[in-house]
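Enquirer: Place chain B on chain A using the hints.
There are 2 protein chains.
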Amino acid sequence: MPLDYLRDPAAIYRKSFETIQCEVTLDRFPSAMQPLVVRLIHACGMTDLADDIAFSAGAFEVGAAALAAGAAVLCDAEMVRHGIIRRLLPADNDLHCLLSDEALRPKAAEIGNTRSAAEIDLWEDRGLLEGAVVAIGNAPTALFRLLERLDAGAAKPAIILGFPVGFVGAAESKAALIGNSRGIPYIAVEGRRGGSAMASAAVNALAGGLGTNV
Amino acid sequence: MPLDYLRDPAAIYRKSFETIQCEVTLDRFPSAMQPLVVRLIHACGMTDLADDIAFSAGAFEVGAAALAAGAAVLCDAEMVRHGIIRRLLPADNDLHCLLSDEALRPKAAEIGNTRSAAEIDLWEDRGLLEGAVVAIGNAPTALFRLLERLDAGAAKPAIILGFPVGFVGAAESKAALIGNSRGIPYIAVEGRRGGSAMASAAVNALAGGLGTNV
Numbered sequence: 312m313p314l315d316y317l318r319d320p321a322a323i324y325r326k327s328f329e330t331i332q333c334e335v336t337l338d339r340f341p342s343a344m345q346p347l348v349v350r351l352i353h354a355c356g357m358t359d360l361a362d363d364i365a366f367s368a369g370a371f372e373v374g375a376a377a378l379a380a381g382a383a384v385l386c387d388a389e390m391v392r393h394g395i396i397r398r399l400l401p402a403d404n405d406l407h408c409l410l411s412d413e414a415l416r417p418k419a420a421e422i423g424n425t426r427s428a429a430e431i432d433l434w435e436d437r438g439l440l441e442g443a444v445v446a447i448g449n450a451p452t453a454l455f456r457l458l459e460r461l462d463a464g465a466a467k468p469a470i471i472l473g474f475p476v477g478f479v480g481a482a483e484s485k486a487a488l489i490g491n492s493r494g495i496p497y498i499a500v501e502g503r504r505g506g507s508a509m510a511s512a513a514v515n516a517l518a519g520g521l522g523t524n525v
Numbered sequence: 312m313p314l315d316y317l318r319d320p321a322a323i324y325r326k327s328f329e330t331i332q333c334e335v336t337l338d339r340f341p342s343a344m345q346p347l348v349v350r351l352i353h354a355c356g357m358t359d360l361a362d363d364i365a366f367s368a369g370a371f372e373v374g375a376a377a378l379a380a381g382a383a384v385l386c387d388a389e390m391v392r393h394g395i396i397r398r399l400l401p402a403d404n405d406l407h408c409l410l411s412d413e414a415l416r417p418k419a420a421e422i423g424n425t426r427s428a429a430e431i432d433l434w435e436d437r438g439l440l441e442g443a444v445v446a447i448g449n450a451p452t453a454l455f456r457l458l459e460r461l462d463a464g465a466a467k468p469a470i471i472l473g474f475p476v477g478f479v480g481a482a483e484s485k486a487a488l489i490g491n492s493r494g495i496p497y498i499a500v501e502g503r504r505g506g507s508a509m510a511s512a513a514v515n516a517l518a519g520g521l522g523t524n525v
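Note that the protein sequences, when read in sequence, are chains A and B. Residues 312 to 525 in UniProt numbering are what the first sequence lists, from first letter to last. Residues 312 to 525 in UniProt numbering are what the second sequence lists, from first letter to last.
No lab work stands behind these hints, which were simulated from the structure alone. Hints may be right or wrong, so weigh each one.
Restraint-style ranges between C-beta atoms, simulated for each label pair [stated by the list, open to error]:
1) Ala368/A <-> Thr358/B: 29 to 35 Å
2) Pro401/A <-> Asp436/B: 50 to 56 Å
3) Glu329/A <-> Ser411/B: 25 to 31 Å
4) Leu314/A <-> Lys326/B: 24 to 30 Å
Heads up, the beta-carbon is just placed ideally off N, CA and C, and yes, glycines get one too.
Pulled out of the complex, with its shape left as it was, chain A reads as follows (with noise of 0.2 Å):
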């Protein structure tokens, strides 16, 4: 006997998202960022995520014109890089994760830091950073040294989307970053949660909001 479940994608989308809606208060939210609070949310099955979320005003706004304009988007995880929808990427935007890159170990040993933090350098140096929307998923190192990069004159993203996770560094590099933007849009989210299924999420409601062309 066949199980009784919901098996049609569009379908399982629009009843996530109405549930979301249903349970949680958007109401601090400006209006065009509540979409991407609901991906967030979808992301992790956890409404209380809400609570958590912090962001620069305009932020949404500013990612969103930014991706549209052709923006890469600038992954510190392959994880993160593969939960980016490509079909709702408004101008086949490139995505770049360099953590396979064969520069890294070494700059990672040049600056005495994680091999996610030396990504950081390498976009640098490669001149992606400029206008590029960050996608942090993984790694507080990863956005300590950004903020550290930005500290020294790097060139400025469009937008960071801080969602490093875990138990060192997560919630103190993200509070750096709220603290103290540098001048940048953000959105992350406060405390130990965080992943690459947020960061994506992040970006694909950046590019194509609740859109479900999957």
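Expert: This is chain B only, laid out in the frame that chain A set:
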């Protein structure tokens, strides 16, 4: 001025795992399985996840032995595949995700289900299911479909890692697995929480415990 944060990857892993072991009581889990619980918590930043982890007796040992014997890992999503730390795998195990396979859309149309669910049928058609480590980190429909195909007599995987996430079918599909796993060992997280990071963390733990060979 450089920011103050931990930069050494091995030290970060070690401090993360120590923090979790300090904050979470793992007594209800068999000692062999405790590293897997730690990795799951590490992947999501939430210590209370421990309360929702369900498993069959001996599941960890079965899964670890399957990987050691060369079992393939079948992933429902590319994010799961990319979260698996290949260096930890004991037998250079094959990792399969068929979401981009050209046979998938026709199969989904044929069975009237999602592409994720149709992956199960492709795994079955291609003889991949038997003895495999199945890691479901995204789609409830994939887990439901797996249970349906098992009821129809499909070959049995070695273990089911059940971590679909979200608001439609995630809790229900995992409850169906836990209520009757069709004789197959399983590890899952009850409720809406889950995700690809947890599914790949479970594989990483079966492969390498708390090894930090990254």
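Enquirer: Between Ala368/A and Thr358/B, is the Cβ distance one that fits in 29 to 35 Å?
Expert: holds, 33 Å
Enquirer: Just tell me: holds or violated, for the beta carbon distance of Pro401/A and Asp436/B against 50 to 56 Å?
Expert: Taking Cβ atoms as reference, Pro401/A and Asp436/B lie about 37 Å apart, which means the hint is violated.
Enquirer: Just tell me: holds or violated, for the beta carbon distance of Glu329/A and Ser411/B against 25 to 31 Å?
Expert: Given range 25 to 31 Å: holds, Cβ gap about 29 Å.
Enquirer: Can you tell me whether the CB distance of Leu314/A to Lys326/B sits inside 24 to 30 Å?
Expert: Violated: the Cβ-Cβ distance is about 43 Å, outside 24 to 30 Å.
Consistency note: the structure conflicts with the earlier hints numbered 2 and 4.
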